[in-house]
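Q: Sequence:
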Amino acid sequence: MTSPIPYGLHVISGELTDQDTDRILSEIHRFLTYKEAAQLENLKQVYDLPDGGYFIVQHSGGIFRVIADKQEPEKLKFINDGLVKLYIPMFFSGVIETPMVRLGEKLKLKLTEICRNRLSRSLDRAIPKTIELERFNIEQNYKFTEFISQANANFLQTQYQAHNPGWYSGSMAKIHQFVGGYGRQDFDQLPEDELERIQFKIPEKLLVEFAEKYNNVRLPGYTGVPPITGEFQYNYRAHKTDAVAFDDQNRPWLIRVADKVYAMPLPVIPLTADPAFHTYIEEEYQDDELLEILGTFKAMPSGESFPDDQQVFQQWVRAGVIIEICDNSIFRNHIPMFPACGWSFNNRGNIAYNTAYKYNSIGIIECTTFRLSLSMVGSKHHYGTESVQVSTELSDSERNTLSRYLSKLNSALGNEGDLAKVIKYKLRHINQAEILSRASINFDAKIEINYWDQYRCNPIANHSGKIIELYRGNLFHPARPKAQPQIKFPYYEAGLCISFDFSPLEPGPTANCDTIMYIYFDNDSVKVVKYFYTEKDFTKEIDTDFDAYMTVGSWYMNETEGKSTIAGHFYLTDIDDRDEIAPTVKRTTVKGEDKGYDSKPMFSYDAHFWRPGTMWRNRYFTQLVKTKTTIGKQLSLAVLVPMFNRSTVLHAKKEYSARMGESERLELNAIVDPYSYRYWTHDNIFAWAGGLEKMTGTPYPVSGNPVWVEIEKYDPHPGNDFANSGPWVTGLPADYTWLIHPNANEWIHSGGGGPPKVNTYSNSAWANDVLSGDLKWPIAEKIISLSTKKPDERYFLPSPDEYGEGMARTSSRVFLGQSEYVNISETNDAGFWKYTGYSNLVSHSRAYHFIGVINE
0 MTSPIPYGLH
10 VISGELTDQD
20 TDRILSEIHR
30 FLTYKEAAQL
40 ENLKQVYDLP
50 DGGYFIVQHS
60 GGIFRVIADK
70 QEPEKLKFIN
80 DGLVKLYIPM
90 FFSGVIETPM
100 VRLGEKLKLK
110 LTEICRNRLS
120 RSLDRAIPKT
130 IELERFNIEQ
140 NYKFTEFISQ
150 ANANFLQTQY
160 QAHNPGWYSG
170 SMAKIHQFVG
180 GYGRQDFDQL
190 PEDELERIQF
200 KIPEKLLVEF
210 AEKYNNVRLP
220 GYTGVPPITG
230 EFQYNYRAHK
240 TDAVAFDDQN
250 RPWLIRVADK
260 VYAMPLPVIP
270 LTADPAFHTY
280 IEEEYQDDEL
290 LEILGTFKAM
300 PSGESFPDDQ
310 QVFQQWVRAG
320 VIIEICDNSI
330 FRNHIPMFPA
340 CGWSFNNRGN
350 IAYNTAYKYN
360 SIGIIECTTF
370 RLSLSMVGSK
380 HHYGTESVQV
390 STELSDSERN
400 TLSRYLSKLN
410 SALGNEGDLA
420 KVIKYKLRHI
430 NQAEILSRAS
440 INFDAKIEIN
450 YWDQYRCNPI
460 ANHSGKIIEL
470 YRGNLFHPAR
480 PKAQPQIKFP
490 YYEAGLCISF
500 DFSPLEPGPT
510 ANCDTIMYIY
520 FDNDSVKVVK
530 YFYTEKDFTK
540 EIDTDFDAYM
550 TVGSWYMNET
560 EGKSTIAGHF
570 YLTDIDDRDE
580 IAPTVKRTTV
590 KGEDKGYDSK
600 PMFSYDAHFW
610 RPGTMWRNRY
620 FTQLVKTKTT
630 IGKQLSLAVL
640 VPMFNRSTVL
650 HAKKEYSARM
660 GESERLELNA
670 IVDPYSYRYW
680 THDNIFAWAG
690 GLEKMTGTPY
700 PVSGNPVWVE
710 IEKYDPHPGN
720 DFANSGPWVT
730 GLPADYTWLI
740 HPNANEWIHS
750 GGGGPPKVNT
760 YSNSAWANDV
770 LSGDLKWPIA
780 EKIISLSTKK
790 PDERYFLPSP
800 DEYGEGMART
810 SSRVFLGQSE
820 YVNISETNDA
830 GFWKYTGYSN
840 LVSHSRAYHF
850 IGVINE
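Residue numbers (numbering that gives the first Met the number 0): 0 to 855.
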């Protein structure tokens, strides 16, 4: 008769009934009997469970194991025991179409083509482009009450309405987008539909391998399963910012910047971190969206965050899993620019910035820029801790004593609950001799549990970091809030972008300002918004590069009347539209272009009846002179940080002039060539007097023929250098009869020349009460012109105003995937939102909530 063999039983999903268990025990006996009778070294069989599902019995390489799967994901109940689960959730990729749904209806989402293929492969049927699933009917997490609006009672406002990835920065924005694609995991509460309850399936061979490899592996502070409710967990606020940083082995850590800076291994789906899973996806499954997430984070993030319960949080701190990196009191003593102004991280997560303010001793706002620097070190326990065997270095007596102690302690702790998870995790990191020292004490469960709860383990990694004050400056304006410069920050709970108040606590003190107010990463580029204010004025000298000899080139002259000052209170890393203004400003530009020489030289006799004369030429140039005169100019600049995207701003400009005039004229001017030539001839009637010092031309002229150019003259000075191209008559004496006396029957005293044909003109115009402006959008290393006209006046007015009215702008962006798309709620003439990049999922009409990975 076959002897019993120890085996491991792994249940993938559901719970075994008594009949299921009986069937497994019965088949194991038959399996072993057959294997022994057939003298098989390896054997594997698959059986049906009587109450639904199947189980695999396998004996290979001396290892005997049983894997059961009830195939009832709706009854998937994960014991909160801290161990790795053989479960990989399915994620959806696309865009949420109806973030608010009527009660009783399902959320609609549009899928990427890659996602449709992934779902089709799992279900073996075609999946429509647009689907409706109750799986994504997820209410807003009540940790984020600011996103819960007073909606109509007949509607469900899902978390996709406002809790967008753009509230986060760096790689956390990518994760937030990705985990939004899991949806709810409480399958037993969802409709009995295979798409509603779909999960990711891996080949049986890989599943068996993972069942053996991850048996009894404990996770560092998380379950490895997405939140059952599907709710977003990560925080984004100024005083509690969650982020992601990568260590020196490129493994991701979850960061929290709160009263202190903390780190823990980023909660992931454990099986997806395994190299065998990566190989399977790369070589067999070949899903580009999965490859994107695995290439970015080395595993699928689970969507879990730090423990909400502070007692549990501190328990994991004492376990060495949650690591305290540095203090943050320097920042916590300040007021954030707005509640949602979380720390802005770069993609690697080693650098972050934020700004905050407080009032100084005289009541003026002081705004400080802070920088967080992190140095993350890898840990061999990043993805969990394997089981530990009792040390063979102990004596048999010690081993027995330790085993009995651990058995009692484990029994007292139970299998579920946070305290049990923490202590069981700790015990794998503590020297067994130290545990043994407790075993000699009379066992009291309460005392022992409390002892190990308070026991402090060494951190699993030696991270370091610091927060420093990088820069400090004043924020001040003497006007009342309704007349102050306008920078607006997003307050979703108010439904507005609210104006910042620059007022001091008490009237009286003043201050000059040139201060960073807002700082953020756009991808990995640091961008700042600076506030500028000065009460100084000055007399401006004429600013010009005019010179005495302006021919070809460009020149300017700026003249002012009255005192000048610098107008415009905001400037950005990429945009500085501040300007010096005065009561009257006159700006003149001159542009000169070369028009060449006379088409033929000019000539003239010295006097009537004289034989000698002079021949010369001119070089011509045009000058376009433009003058703009501005009287009573005012300049306003405004900045707005939009909803749903803390990594961009809008820059608005408005200019007003009481009177503005413009004039323009085109002139044709000439400079005489410094080279000229003396000529002579003889005619008994018209040219018989005088002569040159040199008259060697032969034959001697008769009746004015020939005309000899005999002598070259050179008279250079700075004013005619433009016309100097060197000598232009060679071989003296030279016969120029063709120019000076071409017709024997006609005597010409002077002539030649040939200026270019230019239509010169002069005009001017004046206008009163001139308004202009523009709206710019710096994004993704570009400056996009949204409008070349004066923007919406509300940019320059307080929000809210005295009637509670105000303005808001919203923006959405793809953060994870090969697609680069971002939009802003400024519309074109056709009513579509302005955008840059491309995604075939959108119609540029609203702020989109993307989920999963967007490659198209």
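Honestly, the hints are just simulated from the structure, not real lab data. Watch out, some of these pointers could steer you wrong.
Said to hold, decoys possible - Computed cross-link-like contacts, BS3-like style, restricted to lysine-lysine with a CA-CA straight-line distance of at most 25 Å:
#1 481 - 632
#2 627 - 599
#3 529 - 585
#4 200 - 297
#5 539 - 481
Stated by the list, open to error - Ranges of calculated distance between the beta carbons of each label pair, as one might list FRET restraints:
#6 203 - 831: 26 to 36 Å
#7 575 - 283: 52 to 62 Å
#8 359 - 455: 51 to 61 Å
#9 455 - 151: 26 to 36 Å
#10 578 - 145: 37 to 47 Å
By construction, the Cβ of each residue, glycine as well, lies at the ideal position given by its N, Cα and C atoms.
Q: With 26 to 36 Å as the target window, see if residue 203 and residue 831 comply at their CB atoms.
A: 50 Å, violated
Q: Is the gap between the beta carbons of residue 455 and residue 151 within 26 to 36 Å?
A: Given range 26 to 36 Å: violated, Cβ gap about 52 Å.
Q: Hinted pair, alpha-carbon criterion (25 Å max): residue 200, residue 297. Please report holds or violated.
A: With Cα atoms ~19 Å apart, residue 200 and residue 297 stay inside 25 Å; holds.
Q: Using the C-beta atoms of residue 575 and residue 283, is the stated range 52 to 62 Å upheld?
A: Hint holds: Cβ distance 54 Å, inside 52 to 62 Å.
Q: Between residue 481 and residue 632, is the straight-line Cα distance small enough, at 25 Å or below?
A: 21 Å, holds
Q: Quick check: does the Cβ-Cβ distance between residue 359 and residue 455 fall within 51 to 61 Å?
A: 41 Å, violated
Q: Just to be careful, I want the Cα atoms of residue 539 and residue 481 compared with a cutoff of 25 Å; is the pair within it?
A: Violated: residue 539 and residue 481 sit about 31 Å apart, past 25 Å.
Q: Run the distance test for residue 529 versus residue 585: straight-line Cα separation, threshold 25 Å.
A: It is violated: about 29 Å lies between the C-alpha atoms, which goes past 25 Å.
Q: Could you grab the alpha-carbon distance between residue 627 and residue 599 and see if it respects the 25 Å cut-off?
A: 39 Å, violated
Q: Between residue 578 and residue 145, is the Cβ distance one that fits in 37 to 47 Å?
A: Since residue 578 and residue 145 have Cβ atoms about 39 Å apart, the given range 37 to 47 Å holds.
When each numbered hint is compared with the structure, violations occur for hints 2, 3, 5, 6, 8, 9.
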